[in-house]
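Enquirer: These are the residues of each chain, in order.
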Amino acid sequence: MNRKFTRREFGIMAGAAGVAASALAKPAIAQGKPKLVVVGGGPGGATVARYVAKDSNGAVDVTLIEANARHTTCFFSNLYIGGLRSFDSITHGYDKLKSNHGINVVRGFAIGVDAARRTVTVDGGDTFSYDKLVVAPGIDFKFDAYEGYSKAVAETFPHAWQAGPQSQILRRQLEAMDDGGVFLIAAPPDPFRCPPGPYERISLVAQYLKQNKPRSKIIAIDAKDKFSKQALFQEGWAKYYDGMIEWLPLNITGGVKRVDVGGKTLHTDGESFKGDVINIIPPQTAGAIAIAAGLADQSGWCPIDPFTMASTRVPHVYVIGDSSIAAQMPKSGFSANSQAKACALAIRAALTGSRAFEPRYSNTCWSLIASGDGVKVGASYEATKEKIASTDTFISKTGEDAATRTATAEEADGWYAGITADIFG
Amino acid sequence: MGYHWTKTAVTLIAGLCAGGFLSVPAGADELYELGQYLAGDCTACHQLEGQAPGIPPITGWPVEAFVMVMVAYKEGERDHELMQNVARRLSEEDMKALAVFFGKQGQ
Numbered sequence: 043m044n045r046k047f048t049r050r051e052f053g054i055m056a057g058a059a060g061v062a063a064s065a066l067a068k069p070a071i072a073q074g075k076p077k078l079v080v081v082g083g084g085p086g087g088a089t090v091a092r093y094v095a096k097d098s099n100g101a102v103d104v105t106l107i108e109a110n111a112r113h114t115t116c117f118f119s120n121l122y123i124g125g126l127r128s129f130d131s132i133t134h135g136y137d138k139l140k141s142n143h144g145i146n147v148v149r150g151f152a153i154g155v156d157a158a159r160r161t162v163t164v165d166g167g168d169t170f171s172y173d174k175l176v177v178a179p180g181i182d183f184k185f186d187a188y189e190g191y192s193k194a195v196a197e198t199f200p201h202a203w204q205a206g207p208q209s210q211i212l213r214r215q216l217e218a219m220d221d222g223g224v225f226l227i228a229a230p231p232d233p234f235r236c237p238p239g240p241y242e243r244i245s246l247v248a249q250y251l252k253q254n255k256p257r258s259k260i261i262a263i264d265a266k267d268k269f270s271k272q273a274l275f276q277e278g279w280a281k282y283y284d285g286m287i288e289w290l291p292l293n294i295t296g297g298v299k300r301v302d303v304g305g306k307t308l309h310t311d312g313e314s315f316k317g318d319v320i321n322i323i324p325p326q327t328a329g330a331i332a333i334a335a336g337l338a339d340q341s342g343w344c345p346i347d348p349f350t351m352a353s354t355r356v357p358h359v360y361v362i363g364d365s366s367i368a369a370q371m372p373k374s375g376f377s378a379n380s381q382a383k384a385c386a387l388a389i390r391a392a393l394t395g396s397r398a399f400e401p402r403y404s405n406t407c408w409s410l411i412a413s414g415d416g417v418k419v420g421a422s423y424e425a426t427k428e429k430i431a432s433t434d435t436f437i438s439k440t441g442e443d444a445a446t447r448t449a450t451a452e453e454a455d456g457w458y459a460g461i462t463a464d465i466f467g
Numbered sequence: 007m008g009y010h011w012t013k014t015a016v017t018l019i020a021g022l023c024a025g026g027f028l029s030v031p032a033g034a035d036e037l038y039e040l041g042q043y044l045a046g047d048c049t050a051c052h053q054l055e056g057q058a059p060g061i062p063p064i065t066g067w068p069v070e071a072f073v074m075v076m077v078a079y080k081e082g083e084r085d086h087e088l089m090q091n092v093a094r095r096l097s098e099e100d101m102k103a104l105a106v107f108f109g110k111q112g113q
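Chains as they are written, first to last, in the working numbering: chain Z, 43 to 467; chain W, 7 to 113.
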């Protein structure tokens with residue numbers, strides 16, 4: 043448990059590969075504990091690592107490869123950007139995964155998967171062998187989506203759609219903005235991480251501006267004509283932030299086409315929009331390692347077996363969370379956590395012969411429209427041969443009383459505490 | 007909790023007791039393992055250790071109380087859309103499994 047590969051072991055594995063590559067293609071189960079390697083320490087990856095380690099009682103050797111020392115959750119990062127939460131309160135370490143569950147947490151960025159040899163390579167060159175591999179890298183961005191936009195431009199016009207330093211840039215820019223300024227946000231096309239997220243962000247930035255810089259405006263250029271919880275958000279915007287928010291659907295602007303960094307302007311086909319703080323949330327794809335490993339199809343996302351989350355393209359590899367095509371499940375931290383548990387069960391069954399049950403998936407997305415005004419949407423899902431299918435849904439109602447909304451906001455806080463304990467131990 | 011026992015809940019509990027479930031049922035390991043898996047749906051919000059405002063604790067309950075509450079959600083007699091959604095897809099065996107699993111936590 044909790045062991046690291048030594049250089050000598052790497053040498054042995056490399057040597058073995060040289061003389062008997064076919065032997066390495068067999069699972070290492072017969073030679074000791076079966077090995078699970080997980081790439082990505084977010085809600086999907088950390089959960090699957092924790093559940094396999096916890097429920098197998100040490101029978102599986104679990105390694106978690108994660109690029110960062112700590113994980114800042116994307117969910118609730120809008121509360122930080124809106125000034126309702128500290129950065130520390132949404133940032134979590136991996137100490138409990140190591141100490142309580144014996145998971146070998148490796149700091150590194152996975153750059154390649156050798157499916158024939160069943161190895162993962164990280165930057166720096168270290169290689170890890172696996173019997174089963176879970177790839178959970180979240181999202182990556184299409185930085186070539188708009189003329190004039192790039193990864194470098196995202197340091198000036200942050201996406202803040204992978205929480206962490208990007209969220210801090212956006213928060214600092216909002217704090218520095220003068221009263222009367224324009225917060226310009228470009229919302230992405232489907233599919234993307236956290237469908238209600240851009241609209242919760244608009245809401246909580248509006249609350250911050252109303253309280254601190256009330257002459258300011260928000261303009262949203264959307265790549266869609268409709269969005270998650272739209273009636274609930276628009277009711278709330280009229281109630282709390284009347285006249286402050288202008289939301290422009292695709293059919294009005296045609297969407298962002300060009301980014302002018304020096305001029306602090308986003309251009310559509312016919313119009314230009316100047317912003318004092320510009321938040322471009324670009325179109326998205328599966329994480330880079332998922333694409334490099336050949337797990338994604340032409341859509342840029344990774345097809346999976348709805349019953350196990352196993353890749354349909356590469357054997358012994360599973361894809362969970364935002365990178366996967368989970369059909370009707372939205373790309374959310376809750377979904378990733380739910381998929382991780384079904385996946386952990388399937389992996390334990392494959393590696394240790396433990397009982398497998400029919401997978402059950404679920405998701406709930408809470409959003410704040412204002413402090414103490416929470417709404418939610420959720421569903422249960424089941425695996426079918428074709429896809430993960432929604433079976434039963436619910437959503438908050440427009441016109442709900444204040445007590446219900448306050449209870450939902452409190453529930454969201456409680457959920458945050460619960461799910462982060464479930465993910466990080 | 008302001009909850010009234012329903013006829014269905016009483017029948018179900020009676021059934022559980024009559025079936026010897028509340029002592030040591032056959033297939034107890036499998037039931038616990040089913041509960042352990044299904045519990046993942048609950049622990050996305052409810053904590054196994056400790057608790058937070060807004061989400062009530064569900065560990066260490068008597069089995070019959072746990073099942074009774076889930077039946078009430080399933081039948082819409084207890085008001086909470088999310089919990090009703092969770093409960094609607096649970097079979098009687100699922101509820102027993104969850105009750106056994108959570109009953110053994112936090113003790």
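The hints are simulated quantities; they were obtained by calculation from the structure and are not laboratory data.
Just so it is clear, the structure is predicted and the values come from calculations on it, not from any experiment.
All C-beta atoms in this analysis are idealised placements derived from N, C-alpha and C, irrespective of residue type, glycine included.
You may find that some hints are simply not true.
With a Cα cut of at most 20 angstroms, we get these calculated EDC-like pairs of lysine to aspartate or glutamate [unchecked claim]: (1) Lys110/W <-> Glu277/Z; (2) Lys138/Z <-> Asp165/Z; (3) Lys439/Z <-> Asp302/Z; (4) Lys439/Z <-> Glu39/W; (5) Lys193/Z <-> Glu288/Z; (6) Lys252/Z <-> Asp220/Z; (7) Lys252/Z <-> Asp302/Z; (8) Lys184/Z <-> Glu288/Z; (9) Lys138/Z <-> Glu55/W; (10) Lys96/Z <-> Asp85/W; (11) Lys110/W <-> Glu39/W; (12) Lys96/Z <-> Glu87/W; (13) Lys96/Z <-> Glu81/W; (14) Lys306/Z <-> Asp168/Z; (15) Lys140/Z <-> Glu55/W; (16) Lys96/Z <-> Glu36/W; (17) Lys96/Z <-> Glu98/W; (18) Lys110/W <-> Glu36/W; (19) Lys299/Z <-> Glu288/Z; (20) Lys184/Z <-> Asp173/Z; (21) Lys316/Z <-> Asp173/Z; (22) Lys439/Z <-> Glu55/W; (23) Lys259/Z <-> Asp339/Z; (24) Lys110/W <-> Glu98/W; (25) Lys316/Z <-> Glu424/Z; (26) Lys299/Z <-> Asp267/Z.
Cβ-Cβ distance ranges computed for the label pairs, FRET-style [stated by the list, open to error]: (27) Lys427/Z <-> Tyr38/W: 23 to 31 angstroms; (28) Asp35/W <-> Ser141/Z: 51 to 59 angstroms; (29) Pro62/W <-> Gly336/Z: 42 to 50 angstroms; (30) Tyr38/W <-> Thr354/Z: 41 to 49 angstroms; (31) Gly33/W <-> Lys193/Z: 50 to 58 angstroms.
Enquirer: Taking the hints in turn, state whether each one holds.
Expert: Against the structure, the hints come out as follows:
no. : hint                                     : verdict
1   : Lys110/W <-> Glu277/Z                    : violated (45 angstroms)
2   : Lys138/Z <-> Asp165/Z                    : violated (25 angstroms)
3   : Lys439/Z <-> Asp302/Z                    : violated (40 angstroms)
4   : Lys439/Z <-> Glu39/W                     : violated (37 angstroms)
5   : Lys193/Z <-> Glu288/Z                    : violated (27 angstroms)
6   : Lys252/Z <-> Asp220/Z                    : holds (13 angstroms)
7   : Lys252/Z <-> Asp302/Z                    : violated (28 angstroms)
8   : Lys184/Z <-> Glu288/Z                    : violated (25 angstroms)
9   : Lys138/Z <-> Glu55/W                     : holds (14 angstroms)
10  : Lys96/Z <-> Asp85/W                      : violated (34 angstroms)
11  : Lys110/W <-> Glu39/W                     : holds (12 angstroms)
12  : Lys96/Z <-> Glu87/W                      : violated (31 angstroms)
13  : Lys96/Z <-> Glu81/W                      : violated (34 angstroms)
14  : Lys306/Z <-> Asp168/Z                    : violated (42 angstroms)
15  : Lys140/Z <-> Glu55/W                     : holds (18 angstroms)
16  : Lys96/Z <-> Glu36/W                      : holds (17 angstroms)
17  : Lys96/Z <-> Glu98/W                      : violated (27 angstroms)
18  : Lys110/W <-> Glu36/W                     : holds (15 angstroms)
19  : Lys299/Z <-> Glu288/Z                    : holds (19 angstroms)
20  : Lys184/Z <-> Asp173/Z                    : violated (32 angstroms)
21  : Lys316/Z <-> Asp173/Z                    : violated (53 angstroms)
22  : Lys439/Z <-> Glu55/W                     : violated (32 angstroms)
23  : Lys259/Z <-> Asp339/Z                    : violated (40 angstroms)
24  : Lys110/W <-> Glu98/W                     : holds (19 angstroms)
25  : Lys316/Z <-> Glu424/Z                    : violated (45 angstroms)
26  : Lys299/Z <-> Asp267/Z                    : holds (16 angstroms)
27  : Lys427/Z <-> Tyr38/W: 23 to 31 angstroms : holds (30 angstroms)
28  : Asp35/W <-> Ser141/Z: 51 to 59 angstroms : violated (28 angstroms)
29  : Pro62/W <-> Gly336/Z: 42 to 50 angstroms : holds (45 angstroms)
30  : Tyr38/W <-> Thr354/Z: 41 to 49 angstroms : violated (33 angstroms)
31  : Gly33/W <-> Lys193/Z: 50 to 58 angstroms : holds (55 angstroms)
Hint compliance for this structure: hints 1, 2, 3, 4, 5, 7, 8, 10, 12, 13, 14, 17, 20, 21, 22, 23, 25, 28, 30 are broken, all remaining hints hold.
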